[in-house]
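Protein chains in written order, with my numbering: chain A, 1 to 568; chain B, 1001 to 1072.
Since the hints were derived computationally from the structure, they do not count as laboratory data.
Since no wrong hints were added, every one of them can be taken at face value.
A few chain B residues facing chain A, derived, Cβ under 8 Å:
1. Val1016
2. Ser1017
3. Ser1018
4. Pro1020
5. Met1021
6. Tyr1038
7. Met1043
8. Ser1044
9. Cys1045
10. Phe1046
11. Ser1061
12. Arg1064
13. Thr1069
14. Leu1070
15. Pro1071
16. Trp1072
None of these values were measured; they are calculated from a predicted model.
Backbone N, C-alpha and C fix where the C-beta goes; we use that ideal spot for every residue, glycine too.
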Amino acid sequence: MTCSCGIRRIHCMEKYEKQDADVLVVGGAITGMVAAIRAKELLPEGKVLVIEKGKASRSGCSNWAGGDITLVLPEDDVPALIEQYKFLGDGVADPEWIEFALTETHARVMDMVRFGVPFERDSSGNLLRKGGRGGGALCAISRGADILKAIRKAAVKMGVTFVDKVMVTDLIRDVQGNAAGVVGFKVGTEEVQPIVFTGKAVVLVTGPVSFKASYIGHRMCTGEGLAMAFRHGAEFMGMEFASGHNTGPRHFDMSGMARFVAMGGKFLNVKGEEFMTRYDPVLKNMAGFGTLNYGMAMEVREGRGPIYFDLTALGPEDLKLQKKIIPHTFVALERMNLDISRDRIEWIPCYNGNRASGAGVRIQKDMSTTIPGLFTGGDCGGKFHYGANAGYHGMNFGWCAISGYHAAQSAIAWGLKNPPVIPSEKKIQETLDELVLPLGVKTKTSPDEATAMVQKNLIPYDIIILKHKDRLRRAISNLEGLETDRISAKDTHDLMKAHEAKSMAINALMILKASLFREESRGTHHREDFPKRDDLTWGQWLFLKKKGEKMEFWTEPKAGIKKEIGQI
Amino acid sequence: MIEEIKDSCTGCGVCVSSCPMDVIRMEKTGKKRAVIRYRFDCMSCFNCEEDCPVPGTIYVSPERSPWVTLPW
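Could you put together the complete structure from these sequences and hints?
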């Protein structure tokens, strides 16, 4: 693979695999598979590809989630629910988007019933609905893994083609700048095997960036889609709200906290106090993630840590339901020799990046981005309906299905009107050269070292939960010192991890810089140097995009009015 | 992290396919079987153990990889 120029370059390889499709869907979890099914419904004779870094239906963070999906029925009080989510969004949640995200859940859940998703039902056979942490709408109940398996099965039956184990590293754009395809390479092979995918429309739904942090089933979510969109100049929204955390055990990973809390789980400090009454006297242990993590961090800072999760009050029926929905959690507890009817579990915030938050690529209701021909959704897209908080019980599953459905429809409509021109071979080769670049780098920064540097400058609670300008600036400076073009890879596994580290570094900088500019506290964004909510200046979204080697930030006080905030 | 793939492995490759982290690969030489290649990248998601058609072949410990940065 060594060229006469001395650099490993892809053009020295004799060929790469090519695949063409009508619709390319990048990402094989709920959003991507729902998008693929909708695309196939609209184009029964068309070729629809789902490209996934792992195995579609066994990857993406929803595979390990409890599987609660917001289900708003026609008889529900939608205006009252909109007011609840406006409140939860802490002043910046858009009521039109909330209505969109709530009212369409019924149709998308009915789609899932049609796909064969096994939902819990009551004695009359109706879908069982339950509430959870943080209030909000009731949810239909299934198991994340079962939802994904059923949707994949339905997609295969409809003729969707799955390309598993391919890591996509970049977008290809045609001469007009329209998204025209993606490039990637096979994961799990001994030699690098690049693939070039071209298509009339691209749906980029690679999920959130979770920074390989401490929560079950999230460490494959490293934000490649977000990073690609950023590098190509897409606008982003609310990246400072990518401060949400789930919570979990200190020494191992498990899911199910949201429903455990609804069943009577309590957060205790080292003194045995139910400390959440200090931070949210109304919702207490059922407070939203922003307040819960703030409360946990403050208890630790003030010397009342560690924090424990106490599940000793759970009843047998609740435990039976949980064992059915999240069996791996109970396997984990057993293997850690923990009996939750007796033992409290040491508990910490588990950073989830932009998962289930408003932060992401800026989208319109048709799921279009500011890059022509590129559509997104799920956790890759931003969410005006979330506002400044994160992790509303059940809403993300519903939104994944809604946004996937609309992304496919819009992508097909766009592709029919604007068929992309296949990019030149030279352009493709340049993109492939970037793909293999880490294999030719002979420097000291390994992917593991780069990942550790990103984590250490983002995840500590006094950086991302309790923010302060001095610590944010220091973290930005440290990460800008990470030369991502000089991350080296020694084999194909390392090549995957090198691209993951690059993606995480870009995403971390977006989050830290946006956090620095929003000089107030709101939702999951707590600034110790600006502790109050400032509606006059900051009761609006903060947008960003790449500008040369910097990022530019602005707000839009009114439609069509852009107010520059700064560059960094 | 994943701790063991026992000799009862039939080499069907299901665990290799379902691992989201490319931790498991097929043995390059000798008996066709799955091997743990990149253990420290395992996220204890249990996919491999759940999907293995021969129960008891794979054992995953829930304990987290030591390199993950925690909030405190």
